[in-house]
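So the protein sequences, as listed, match chains A and B.
Going by this note's numbering, the first sequence opens with residue 1, and the numbers climb by one from there.
Going by this note's numbering, the second sequence opens with residue 1, and the numbers climb by one from there.
Hints are computed from structural coordinates only; laboratory data are not their basis.
Note that CB positions come from ideal geometry on N, CA and C, so glycine has one too.
Watch out, some of these pointers could steer you wrong.
Claimed, not checked - With a straight-line Cα cutoff of 30 Å, these simulated DSSO-like cross-link-like pairs (lysine-lysine) come out:
| no. | chain 1 | residue 1 | chain 2 | residue 2 |
| --- | --- | --- | --- | --- |
| 1 | B | 47 | B | 280 |
| 2 | A | 141 | A | 105 |
| 3 | B | 141 | A | 141 |
| 4 | A | 47 | A | 144 |
| 5 | A | 105 | B | 141 |
| 6 | A | 262 | A | 47 |
| 7 | A | 105 | B | 47 |
| 8 | A | 141 | B | 144 |
| 9 | B | 144 | A | 247 |
| 10 | A | 144 | B | 141 |
| 11 | A | 247 | A | 105 |
| 12 | B | 262 | B | 105 |
| 13 | A | 144 | B | 144 |
| 14 | A | 47 | B | 144 |
| 15 | B | 210 | B | 247 |
| 16 | B | 247 | A | 144 |
| 17 | A | 210 | A | 144 |
Said to hold, decoys possible - If you anchor each label on the Cβ, the simulated ranges turn out as follows:
| no. | chain 1 | residue 1 | chain 2 | residue 2 | range |
| --- | --- | --- | --- | --- | --- |
| 18 | B | 27 | A | 202 | 30 to 36 Å |
| 19 | A | 66 | B | 106 | 43 to 49 Å |
| 20 | A | 36 | B | 6 | 45 to 51 Å |
As the list claims (entries may be wrong) - Rough simulated footprint, nothing fancy, chain B against chain A, three-plus residues with beta-carbon under 8 Å:
| no. | stretch |
| --- | --- |
| 21 | 29–35 |
| 22 | 158–171 |
| 23 | 249–262 |
Listed here are the chains, written in short residue letters.
2 protein chains.
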Amino acid sequence: MTFVLQQYLASRREAVEIALNEVLPPQNVRPERLHEAIRYSVLAPGKRLRPTLVIAAAEALGVSADVVMPTACALECIHVFSLIHDDLPCMDNDDYRRGRLTNHKVYGEAMALLAGDALLALAFELIASNISCASTESVLKTLKLLSHASGTWGMVGGQVVDMESQGQEVSSETLQYIHACKTGALIKGSVEAGAILAGADPDQQLAFRKYGNHIGLAFQIADDILDVVGDEAVIGKPVGSDQERDKATFPRLFGLDESRRKANAEVEGALDALSVFDHKADPLRAIARYIVDREL
Amino acid sequence: MTFVLQQYLASRREAVEIALNEVLPPQNVRPERLHEAIRYSVLAPGKRLRPTLVIAAAEALGVSADVVMPTACALECIHVFSLIHDDLPCMDNDDYRRGRLTNHKVYGEAMALLAGDALLALAFELIASNISCASTESVLKTLKLLSHASGTWGMVGGQVVDMESQGQEVSSETLQYIHACKTGALIKGSVEAGAILAGADPDQQLAFRKYGNHIGLAFQIADDILDVVGDEAVIGKPVGSDQERDKATFPRLFGLDESRRKANAEVEGALDALSVFDHKADPLRAIARYIVDREL
Numbered sequence: 001m002t003f004v005l006q007q008y009l010a011s012r013r014e015a016v017e018i019a020l021n022e023v024l025p026p027q028n029v030r031p032e033r034l035h036e037a038i039r040y041s042v043l044a045p046g047k048r049l050r051p052t053l054v055i056a057a058a059e060a061l062g063v064s065a066d067v068v069m070p071t072a073c074a075l076e077c078i079h080v081f082s083l084i085h086d087d088l089p090c091m092d093n094d095d096y097r098r099g100r101l102t103n104h105k106v107y108g109e110a111m112a113l114l115a116g117d118a119l120l121a122l123a124f125e126l127i128a129s130n131i132s133c134a135s136t137e138s139v140l141k142t143l144k145l146l147s148h149a150s151g152t153w154g155m156v157g158g159q160v161v162d163m164e165s166q167g168q169e170v171s172s173e174t175l176q177y178i179h180a181c182k183t184g185a186l187i188k189g190s191v192e193a194g195a196i197l198a199g200a201d202p203d204q205q206l207a208f209r210k211y212g213n214h215i216g217l218a219f220q221i222a223d224d225i226l227d228v229v230g231d232e233a234v235i236g237k238p239v240g241s242d243q244e245r246d247k248a249t250f251p252r253l254f255g256l257d258e259s260r261r262k263a264n265a266e267v268e269g270a271l272d273a274l275s276v277f278d279h280k281a282d283p284l285r286a287i288a289r290y291i292v293d294r295e296l
Numbered sequence: 001m002t003f004v005l006q007q008y009l010a011s012r013r014e015a016v017e018i019a020l021n022e023v024l025p026p027q028n029v030r031p032e033r034l035h036e037a038i039r040y041s042v043l044a045p046g047k048r049l050r051p052t053l054v055i056a057a058a059e060a061l062g063v064s065a066d067v068v069m070p071t072a073c074a075l076e077c078i079h080v081f082s083l084i085h086d087d088l089p090c091m092d093n094d095d096y097r098r099g100r101l102t103n104h105k106v107y108g109e110a111m112a113l114l115a116g117d118a119l120l121a122l123a124f125e126l127i128a129s130n131i132s133c134a135s136t137e138s139v140l141k142t143l144k145l146l147s148h149a150s151g152t153w154g155m156v157g158g159q160v161v162d163m164e165s166q167g168q169e170v171s172s173e174t175l176q177y178i179h180a181c182k183t184g185a186l187i188k189g190s191v192e193a194g195a196i197l198a199g200a201d202p203d204q205q206l207a208f209r210k211y212g213n214h215i216g217l218a219f220q221i222a223d224d225i226l227d228v229v230g231d232e233a234v235i236g237k238p239v240g241s242d243q244e245r246d247k248a249t250f251p252r253l254f255g256l257d258e259s260r261r262k263a264n265a266e267v268e269g270a271l272d273a274l275s276v277f278d279h280k281a282d283p284l285r286a287i288a289r290y291i292v293d294r295e296l
């Protein structure tokens, strides 16, 4: 039986979207407009990469998707919270996201701000309610990990330095910091969360953390490359928007060829980290390769 | 020995402020400007009512303040997150808060937005790290409770309906909803969190929940009254700002006298709920009275 990544991704994405539809606040319950705004952005078409990583990590340890589904959904909520706030006029001021009008263009700035806030709170409520197959300690550990990865020591911190770096000369150290925090922290957190909730022992947790680190960086390098050479229809935003904003990127600092080489080296590192796992980790292996091949 | 509330409040406030200074991200660590913005708002002079309620509830059960301090700090982080976002131009567009320039007036809108986001994430990290004297289950329960109270089912939801109600005729049912969610949920949550972490049994938890419900409503009625009759120096914002914004308030719906009667009835309800507890609950009793007497 050959493993087919596209089938795997499609089936997990579908399961995640069914679960998201269930855990998001219903549209007919007060405050209706807020719930409509939340659902508009979360249920917009997406890859569901972070939830899929939570699930794939659990599955690598023989634990099924439904066990970690609340936390998988939480990861998507945290991701979408960051997208809604990033798109606001005081931030990137984007009108389109995933090919649709951004949240504040439809619901207004105040509602978009509050929809993001509500999603972050909901994410932690979901994780706290995720009874683990390991222990309550592992749920608490997941909560600590993901709150740490969402705030100033992760996503928000990376966003701040990214913002401060626009139009500036940026060192490769700062670029790595931005990428490790802004997108890397949550990607790594997704993998670790799935592993911890599935009862990974400390050695296994370390292996997943390494894998997460590598694919997080690979993802961001590939994203930077896509912004230069990608197809607007595929990436869902105008090609060249990073350059336009004078953002710190890998191609800008290292050139396209060297950036591709770095991305591939990260994928190799990710596969290395998984060497102790059996075929149940094949989805994670395929995802690592897929992350840099999106541009092709 | 007579209990002196002002001494109690001052000593707990001091302990909370020392703890906040320790748990907030240091100003000399990257991203420095974000951490400066966070500290600017959290360490601004404040009553620290929510953290004090966490502590007073734990103390009513014979558990000392330091046991619940991380969660006490988390409550202040959630509160300040909401203040920073409420003050933004797309929301209330306030220039002053607690007598000082609002966060975005000093650090810009983008940084204020992200400072609020980081504070919400930090709050859950703090709670998750609060080893309880009861059990890990009680920490998880606290997390569920406070994430629920912060998002669409509490503070954020109340904020949305409050916003939608400006300039509208508002029913007393909607007014109660706004108040119960916007400020009540977090005040009730503070009391419950302290009790749960201190190992309250289900009957005790119910008593604390009732107390929290009553003082939450009393607090908001008193706040509405203060906006009409208060002293600008005491409340830290211009008198009459609710009226100016055409906000739903108790005095507007019921008149001043009836609002005062309602506030006092809530205080009586709060004291009733505490009847099963001994003198260790005196601070909670005094706080209930203080909440409506602030206006005097």
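Hint by hint, here is what the structure shows:
For the given pair, residue 47 (chain B) sits about 21 Å from residue 280 (chain B) by alpha-carbon distance, which is consistent with the 30 Å threshold. With a C-alpha separation of about 37 Å, the suggested pair residue 141 (chain A) and residue 105 (chain A) falls outside the 30 Å cut-off, and the hint is violated. With a C-alpha separation of about 14 Å, the suggested pairing of residue 141 (chain B) with residue 141 (chain A) holds against the 30 Å cut-off. At roughly 25 Å between alpha-carbon atoms, residue 47 (chain A) and residue 144 (chain A) fall within 30 Å of each other, so this suggested pair holds.
Using a Cα cut-off of 30 Å, the hinted pair residue 105 (chain A) and residue 141 (chain B) is violated, with the two alpha carbons roughly 37 Å apart. Of the pairs offered as hints, the one joining residue 262 (chain A) and residue 47 (chain A) holds, with about 23 Å between alpha carbons and a cut-off of 30 Å not exceeded. Among the hinted pairs, residue 105 (chain A) with residue 47 (chain B) is inconsistent with the structure: their alpha-carbon atoms are about 38 Å apart, more than 30 Å. Restraint check for residue 141 (chain A) and residue 144 (chain B): the C-alpha separation of about 15 Å stays at or below 30 Å, so the hint holds.
This hinted pair does not check out: residue 144 (chain B) and residue 247 (chain A) have alpha carbons roughly 38 Å apart, beyond 30 Å. Between the alpha carbons of residue 144 (chain A) and residue 141 (chain B) the distance comes to roughly 15 Å, so the proposed pair stays at or under 30 Å and holds. Under the criterion of a C-alpha separation no larger than 30 Å, the hint pairing residue 247 (chain A) with residue 105 (chain A) is consistent with the structure, at around 24 Å. For the hint pairing residue 262 (chain B) with residue 105 (chain B), the CA-to-CA distance comes to about 37 Å; that exceeds 30 Å, so the pair is violated.
For the proposed pair residue 144 (chain A) and residue 144 (chain B), the alpha carbon gap of about 14 Å is at most 30 Å, so the pair holds. Pair hint residue 47 (chain A) plus residue 144 (chain B) holds up; C-alpha atoms about 28 Å apart against a cutoff of 30 Å. In summary, the hint linking residue 210 (chain B) to residue 247 (chain B) is supported, as the alpha carbons are separated by about 27 Å, within the 30 Å threshold. For the given pair, residue 247 (chain B) sits about 38 Å from residue 144 (chain A) by alpha-carbon distance, which is inconsistent with the 30 Å threshold.
At most 30 Å may separate the alpha-carbon atoms for a hinted pair to count; residue 210 (chain A) and residue 144 (chain A) meet this at roughly 18 Å. Evaluation of the 30 to 36 Å hint for residue 27 (chain B) and residue 202 (chain A) yields a pass: the beta carbon distance comes to about 34 Å. Distance hint for residue 66 (chain A) and residue 106 (chain B): a CB-CB separation of about 47 Å, consistent with the stated range 43 to 49 Å. For residue 36 (chain A) and residue 6 (chain B), the hinted distance range of 45 to 51 Å is satisfied, since their beta carbons lie about 47 Å from each other.
Requiring three or more residues with a Cβ within less than 8 Å of a Cβ of chain B, the coverage given for the stretch 29–35 of chain A holds, as 5 such residues are present. Residue count for the stretch 158–171 of chain A with a Cβ under 8 Å from a Cβ of chain B: 5. That meets the three needed, and the coverage hint holds. Counting residues of the stretch 249–262 of chain A whose beta carbon lies closer than 8 Å to any beta carbon of chain B gives 0, which falls short of the minimum of three for the stated coverage.
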